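K.L.:
In the order they appear, the protein sequences are chains A and B.
Its first residue numbered 1, the first sequence is counted upward by one per residue in the working numbering.
Its first residue numbered 1, the second sequence is counted upward by one per residue in the working numbering.
What the hints contain is simulated information worked out from the structure, not anything from laboratory work.
On a predicted model such as this, the values are computed, not experimentally measured, just so you know.
The beta-carbon is built from N, C-alpha and C at its ideal position, and this holds for glycine as well.
One should not assume that every hint holds.
What the hints assert, rightly or not - Computed footprint of chain B on chain A; a stretch qualifies when at least three of its residues, placed anywhere within it, have a C-beta under 8 Å from a C-beta of chain B:
id	segment
1	20-32
2	86-97
3	119-132
4	148-161
5	172-179
6	303-316
As a plain string of letters, each chain reads:
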Amino acid sequence: MKTKSRAKQLYWKPSYVDLDAMYPPLASAGIHFDDWDAWDDPFNISYRQYIDVQAKKELGFHPVRDAFERYNGDQHVPARWYDGMKLAFPFLQTAEVAAGRAHARTARYAPAPALRAAAFYQSIDEMRHFQNHIYEMRTYNQADSGFDNWASWRDNHFSMGPARYIYEDLMNCDNIFESIIALNICVEVVFTNLIFVGIPSVGALNGDTAMAQEMLTTQSDETRHMAIGQSTLRTLLRDDRNVEQLQYWLDKWFWLQHRAVAGPVGLIPDYFAKRKYIPYQQMYQRYVIDNFIAGMVDDLAEFGLKQPRFLEDAKAELPDYSHTLYRTLFQYKNVLFNKMFVPDEHDMEFFTEGYPTFEANHGKFWDEVRAGDPKDLSQLPMLCQMCGMPCVFPVPERANVQCSMYENNAYWFCSNGCKYIFDHEPYRYAHRVTMERTLNGLDVPEIREKMGLAPGLGGLLTADKDI
Amino acid sequence: MARKTFVWLSGRKRPPSEYEELSTGIQWSGLPVSETITGQWREDSTLLSTDWNAFRDPAGMYYRNYVVGQDAVEKQLDAVYALASDADFISGLDPTWRESLTVLIGTMSFAQWGMSMAMQHVMRFTLSPTVACAVQLQIMDKLRAAERSVEWYELLNPDYQPDSLFRAWDEIECIQPLHRYIEEVLVEADWGEVIVAINLVLAGLLEPFLRELYIKGGRAQGDFTTAALGTHLAKDATRQVAWTDAFLAQCAADDANAKVISAWVDRYLPLAAAAIDAVVEAYPLDGIGPRAAAVARTECRARLEKVNVTLTDHVAAALAVEGDLS
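This is chain A alone, in the form it adopts within the complex (with noise of 0.2 Å):
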């Protein structure tokens, strides 16, 4: 197989309409670069090498999949790790969705040639890991039918909401650099090692071979997208002009990023894994702190870069992040379409030995549960603004709610960060209407119905499954 790319010989400058029609400033305003048509893409591959390493990729992944679902290896996973699963495909599916339709953009309208020929492999590349979701999902689904609605749920249920304000924003940015330094660098690059390598490690230890596998081919294609984060970032940071709206870009994104996707993920390792690998807080700084921060951002000092503004805010965090989110959710039990569980003694020594402050901050939250408080609450918890997280962080008894002032209006935030980010740019996020307010004041069985939940669905897991 000879065949190599011809992307930058397809490429041509219009003769018959203006090159600004073509390809719109709007997609790179207030970037610089000398010579778009200069731009290098790393990998430079052609359609014959993409299908000839995807295709073996393919047949890789699937057998295992089918073996699982033939051989009934759903009877070797904990009834908890598929409640874990119901929060993460979901809200992965959605991610990838837009991931696609945003490289989809960046292959029509980025203004380097190269940039586009890679975006046309990273868009289907994303077609190949929302489907391979849905596959999981639809795996799970015949081991619980728990699998049936995610997409009713995507749409209608307050905790799906922080993956379509975030990915949706990132899909509708007006600068495609923008919507690289959010997806390629700080969705693929700062957390998909988290996800797509962390997180399968859980699975396979819980028995679900075939999550394990469909993460970890899933993130084989992400490698090449951190390349091209990675090389696009350097490129630019060359020319001192960019350094402060990428900086933003950087500080913004990661932000977001640690708010919506870092607090669901550690859910996984710390609650819905029956058999625990390591504490999350670990996992974060293996995958994160040292991949990420000392992989990448100090080796890019030289150019200006500085570490993402709210870095020590989310190590910071770090420590009661699961704990705070799984014990808020436990609260909402009723009107989730997870089902929930209370910690058992083997759970409460992972948490005490991995993290000296559980103790302090949630046990007596643990405590009084066992004692026969359901802690159920009837009314939503206050959801930020901006990332539509509840605000309830670092811990529910000392939450750092901040609040700014917008046209008269007040809008509430769930950390430093999420304020910084909205009032940067109140404009593009002040009409989001957060969904507690929109079902305010109705009840339990009402919210039920408007989030489109079926009987059954949301609760406590049952003493018979072993949870």
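Following the hints, put chain B in place on chain A, whose structure we already have.
P.N.:
Frame of chain A, contents of chain B only:
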């Protein structure tokens, strides 16, 4: 026990296909969550539908069957190209045919690439998730067509200069109407209009024209490589025709949409027909060119009638065919 499926596909007599399970339900709805210029995408087509999820690609293609299937046919084309090159088959081709092919196949690679670029816009903005899936795979097909065309061009013309293809696309007079057509569609923002201008009108004429030219011309000239390339590209194009016609027929069931589609055809079809005519006039290829253009017109007309497009007088005139094609 029957497989369980998703709520929105359940309750039917026929169980959903793997394609349906993987391609439906994927796009969310509701008010946009951020105010950006790009985000105002929900009003970007004149086409209207109450149910964008209802469309189905008749070929039922999704990532897995596409990639595995295309890998198999790409291997076939590898073998054909390798034989043409290794056995020095190319030097035995008729010089006039070879010279014409060099220009035609080389410049058509730009047309294929431009069609692929135009469909990226559709992929980003279409409101229908199932259209987005079909478009995504078509983009790859067109990329294949463009890259394989350049590859054959380079084999046919081993002394090619790096900028010779650009110059052909930019300077050869008979190619300019096609070149102009593609650029003008590339700046259109209405994704429905792009589907009509590219897939119904331009591809409606260009794909059967190239199929006839490459396969029948290749056969007549003893050029198995061009014939094989034509066969492969025609198979890909068949899938594109199928989804496009199914989608437009579904849209045209609404009278308002039917009028919009007919108006777009009225705008674009005479331009596309003139673009093909310009190529044929410069490269008649012993009568193969005019005959290929006539077949293309006949097939295009049948497609338009199938999707209920009202043929205005000058569309009908642009599609008129003289003589007997049998």
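K.L.:
List in ascending order the numbers of the hints, as given earlier, that are violated by the structure.
P.N.:
6
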